[in-house]
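Asks: With chain A held as given, fit chains B, C and D onto it using these hints.
So the protein lines, in turn, are chains A, B, C and D. When the letters of the first sequence are read in order and numbered with this note's numbering, they come out as residues 1 to 339. When the letters of the second sequence are read in order and numbered with this note's numbering, they come out as residues 1 to 339. When the letters of the third sequence are read in order and numbered with this note's numbering, they come out as residues 1 to 339. When the letters of the fourth sequence are read in order and numbered with this note's numbering, they come out as residues 1 to 339.
One thing to keep in mind: the hints can contain errors.
As the list claims (entries may be wrong) - Here are some of the chain A residues that sit facing chain D, going by a computed Cβ distance under 7 Å:
1. L86
2. K104
3. G108
4. P112
5. S172
6. P336
7. I337
8. P339
Claimed, not checked - Chain C stretches covered by chain D per the calculated footprint, using a threshold of three residues with CB under 8 Å from any CB of chain D:
9. 104–112
10. 161–168
Because the hints were derived from the structure by calculation, they are not lab data. Just so you know, these numbers come straight off a predicted model, no measurement behind them. Cβ coordinates follow ideal geometry from the N, Cα and C atoms, glycine included.
There are 4 protein chains.
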Amino acid sequence: MRVGIVNVTGYAGAELARILARHPGVELTEVTGRSAAGQPLASVFPHLAPLGLTIKPELEKVDFAFSALPHVTSAEVIPGMLKDGLRVVDISGDFRLKDPAEYKQYYGHDHPAPELLKEAVFGLPELHGAEIPGANLIANPGCYPTSAILGLAPLVALSSRDFIVDSKSGISGAGRTMKLNVNHYCEVNESVMAYGLDGHRHQPEIAQELDGVLQRATGERGVDVTFIPHIVPMTRGILSACYARLQEDVSQPQLMELYREFYFGQPFVQVVDAPPQSKHTWGSNFCIIHPHARGGGRVVVISCLDNLVKGAAGQAVQNMNLMLGLRPDMGLEALPIYP
Amino acid sequence: MRVGIVNVTGYAGAELARILARHPGVELTEVTGRSAAGQPLASVFPHLAPLGLTIKPELEKVDFAFSALPHVTSAEVIPGMLKDGLRVVDISGDFRLKDPAEYKQYYGHDHPAPELLKEAVFGLPELHGAEIPGANLIANPGCYPTSAILGLAPLVALSSRDFIVDSKSGISGAGRTMKLNVNHYCEVNESVMAYGLDGHRHQPEIAQELDGVLQRATGERGVDVTFIPHIVPMTRGILSACYARLQEDVSQPQLMELYREFYFGQPFVQVVDAPPQSKHTWGSNFCIIHPHARGGGRVVVISCLDNLVKGAAGQAVQNMNLMLGLRPDMGLEALPIYP
Amino acid sequence: MRVGIVNVTGYAGAELARILARHPGVELTEVTGRSAAGQPLASVFPHLAPLGLTIKPELEKVDFAFSALPHVTSAEVIPGMLKDGLRVVDISGDFRLKDPAEYKQYYGHDHPAPELLKEAVFGLPELHGAEIPGANLIANPGCYPTSAILGLAPLVALSSRDFIVDSKSGISGAGRTMKLNVNHYCEVNESVMAYGLDGHRHQPEIAQELDGVLQRATGERGVDVTFIPHIVPMTRGILSACYARLQEDVSQPQLMELYREFYFGQPFVQVVDAPPQSKHTWGSNFCIIHPHARGGGRVVVISCLDNLVKGAAGQAVQNMNLMLGLRPDMGLEALPIYP
Amino acid sequence: MRVGIVNVTGYAGAELARILARHPGVELTEVTGRSAAGQPLASVFPHLAPLGLTIKPELEKVDFAFSALPHVTSAEVIPGMLKDGLRVVDISGDFRLKDPAEYKQYYGHDHPAPELLKEAVFGLPELHGAEIPGANLIANPGCYPTSAILGLAPLVALSSRDFIVDSKSGISGAGRTMKLNVNHYCEVNESVMAYGLDGHRHQPEIAQELDGVLQRATGERGVDVTFIPHIVPMTRGILSACYARLQEDVSQPQLMELYREFYFGQPFVQVVDAPPQSKHTWGSNFCIIHPHARGGGRVVVISCLDNLVKGAAGQAVQNMNLMLGLRPDMGLEALPIYP
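Next comes chain A alone, as it looks inside the complex (with noise of 0.2 Å):
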């Protein structure tokens, strides 16, 4: 099986190829990125160097593609490469929010491609792990959603539906695109900030995801998100506190059985009795939960991962495993990289 990484240059792209360089199932045979075409793969990437490949300005002959293309752009490309034969896995936020209502009050833009939304399928295996192996295309979740998502899925039935997100994030989720505030090493480095108090655009994708699982469980809808997100120093992992009140209160052992028995087989969601460090995933395509119960009702599940792996590159290829029929952690055993 070939695959190809649409936009390699970005870190999503370096890290999907850093994956499957190193995958038994498939091949990378083919990598793009358009200002860099032509360029070998080493010149922008020296740790990519013993893969040997050089930059194209277009697929040609792949079976499956990854996109790592920015929004807008790749919704406006996915639909040709649908139509050639590919599937593909979507790193871009494009096929995230079914309602194009919504993705055009947080993208900014119409959207280029709204008759995929619904086959479209949000590739968070541990909620979607049914529909993924049949789809064609993946909408792979951001960053942010995936710690917060997996954090408070398990107890949204039994809450109060008011959640408040409290993220904080390495700097390698803003991308590789020089931006003076947010990573210009001397702008960021000691500091701590908050950002997108207007509304960041992850927030409408964990309220429809949690929405979903209230629907799922109790036939409602409506839940609540306060989501805040924060850069701090370092380069890798997103941690997520997760505030929640439920309506009647739970012991801690009530509380880790929950967890435990909802991510029951789940390769890659660690269900633990201590707070975990966010370095403790790094590299790796784990996601580590901590839930917390306060009294009261009161909930607080902190939540971590690598935001290029679990929460980008390596949940693409564990949906492309799942598409693939492969084990879902084929390529993916890697231990996290400590200290």
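Replies: For chains B, C and D alone, kept in the frame of chain A given last:
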């Protein structure tokens, strides 16, 4: 006026020495520290070499003292200092909680000097400015509480009284004593983690002071505070995201006006229009606050400061200035160092 | 005395503003910056909000100016300023090299004002303290050269004249303008790299000044300097390891004595007994030097400073103080901030 | 083949476990650690939880062992392991120096097993690849020496034999045991410092091996190495700048050719055209080398690696592969993780 520092060998003590060294209204003449007694201060802290001080076992001839001792020890030593006629600012947590039972619950020890709890003034000048000049014993507030209380005080009386405080702190907050999981470089670098989920001792301090604000405004008490601190990989700085629900919705301009009025004339509180970075306060005594109305009565307040200055040594000097009738900002005029 | 800063929008300009804001002998009344003209200084640098200044397109009514313009532009603008009667400290590299051919080789441009090269004084007070008070134009030294020249000057005349300078700099030295490989957080964090192997423009500056020291001592010229700069993941600070071979071996006490005598009375050079950390200088105008005799005539000198203070803005203010007959350390008394 | 790790509780031990956990040719069945015996490995290192191992007091039934014990202790324990028929790779420094007097000078202790010094092979595969397969005891090289020896070996015979090695290391090199001035976050973050000026124990190791190269090429001995290590604020990585003077000048192409030939066929040495960043090796077993001819016979070689992989655990596994007749890169195929 001769001033002394008891236990100069931690970070709060060193920061006090740095500020007092250039304070035009007092003279730092003595510093103590048991294990390092007899050594030049420069051998423990090379950056303080220009002071030319030697560490003593005990204070001898000063008129005013700062205690940077650990809790419990501080409360054991301070009664004797007061009897000797010293006025004292206590950097430890010993005299912050008014209720000795709460002290025992959170500090794990009977209070060594409960008879002083009434006369000790909680040294947050923005709330207790009237009581500080006449006090002989100031309980200097904790670093997290300073950011949280200043962030929430203006809207306590208008709120549902149910608050979430999600704080992110640099690593100097954990002190100079080595602890593998909180200040070994390799364990905390490139990582973020939550801790204190079972109840951090700064939680009752925040609740006590917000309750006080509520009571002065409405005659009632009874706030509920969920406080979750996090460690982020930076040396200095705290940024708290404070979540509240108001009884009636407010517009963003109304909210800004509320905060600007509340802190009018306060030299060290800056109410700003955009979310600040914690490093905008580095090395200075400023607390920068950005309140944000999200609709539906939901308010998020971002509040940040330098944990060793406004969160410890700088606020202690501010308290001293008020006690001695000096300009409130004397010795604290330095601008933040950026980047 | 009214002073102004031309091009305040970079890090050296902002650091000048921070220092001058609290300088008791002069008043910072004007700051300029082309792209940001008309904006409040606080909108570019929130930490400078307390100054209340607005960025102007040009200086108007000042008596003394600092140019923080990029090289070439600085030398184009300064002749006019001098004609207008201003005295000027130039932070750029334009007037440091005395030989316009060398300037062309290293800066890639004909010198815009070669007639001023003779009257410009190289503003390293420890070497040229006698010439600075009478100068109208000061070429403020580069950050790397300040550390290297101060580190090696005392032993040039005793040495084999073949020097290696291996320097490590924080990232603010590369400026505020974004460049992917030198200041994008994710590209430089958790990494160290050498650069400028083909010849960094600070190399002839170091060689020129060491040659000057040699000539004044022996009448000869002809030092050989191999200079390799490195970028390390920190915001501020330079630490240089300077390697020399002496004609005759010296003991460690003899070496210390040599350095202590050479810098006797200099307020900003500390000669110390143990290898310093660069952060012992953070925010201060100190250069800390530790010379080490290894036997066989091999000497290693460790020299460190804050690249934005003694390596740029602080040294510029020190030069201004000397030009105006003020105390050399006026406005520069602040101790380093640690940790 | 069952393998075990003695003293898994430090960083080198943990990194061995991480690599061996996914090694297809051997099975990691036992790990030991005295103070933590009886605990699950996951309680010390959560990222190793998927191994499901419990820490034992002693090895029991393995065929091959890695000793990650501290020096002296390692040499006390290894003779018994060899007698029990185990083949051993020693990560400590105990068997690297061939001269027991030099060992005593640098390690401050009589060598516990001098009779084994002759049979122990210095496990740098690029120099001693022929001797490693037949060895029962491998002295795994130090992290700094690996970077320095690989950087200088190709030109020793052509040089003046007087070398300066200026190395920059991340903080994991100082181990997991807490030491205030080398691994307390606040003391080392945002700082760089030189140490070991009186003679670091890796200096004789570098000299011994370069002398060996010289002797094999020319029959002579007698290199002079000045080695100065520095700590820079990052977790992993070493970058060494190695300074040499050649007897005759070479061009840059000649120099590149010399290095490419010397390392032809070596799977883990990359000779590259531009100065590398240390993070291009993060998590991988690569050593990246960039030699640079500066004219006049002056050569600077930049050499970098991950101190815990090629500088410790990865090289140990590479040695094991050679001893067991496996592919040299088995279990070490993972690409570096970037950014």
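Asks: Hint compliance check: list the failing hint numbers for this structure, sorted ascending.
Replies: 1, 2, 3, 4, 9
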